[in-house]
Amino acid sequence: MMRFLPCYQVVESMRQGMTPEHAAIDAISRIKRKNPDFVGAVFAVNVEGIHAGACHGWTFQYSVRTSDMEDVEVYTVSPQSV
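Here the sequence shown stands for residues 45 to 126, where the numbers follow this note's numbering.
Derived CB-CB ranges, DEER-like: (1) ASP81 <-> MET113: 34 to 42 Å; (2) GLU114 <-> GLU56: 30 to 38 Å; (3) MET46 <-> VAL118: 22 to 30 Å; (4) GLU92 <-> VAL116: 17 to 25 Å; (5) ASP115 <-> ASN79: 36 to 44 Å; (6) VAL118 <-> THR63: 20 to 28 Å.
These are computed hints drawn from the structure, not numbers from a lab.
Ideal Cβ placement from N, Cα and C applies to all residues, glycine included.
Could you build the full structure based on these sequences and the hints that come with them?
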């Protein structure tokens, strides 16, 4: 996955106006086009704290806790046909 720079792609996509969800899906889609059998995930957070993830080949979980939350929330991202 490293050679595809998915984190850079997510940031660049959000800079161009994509939501975190669309940016994460876009980054995973680009990798999938070149390597359909890869297993990986990425998540994105924008400056407003909106977050999302995308994955391929497995179910991915990530955790979020903000200053106004009492505990950590775990989010599960299922593979999509991206």
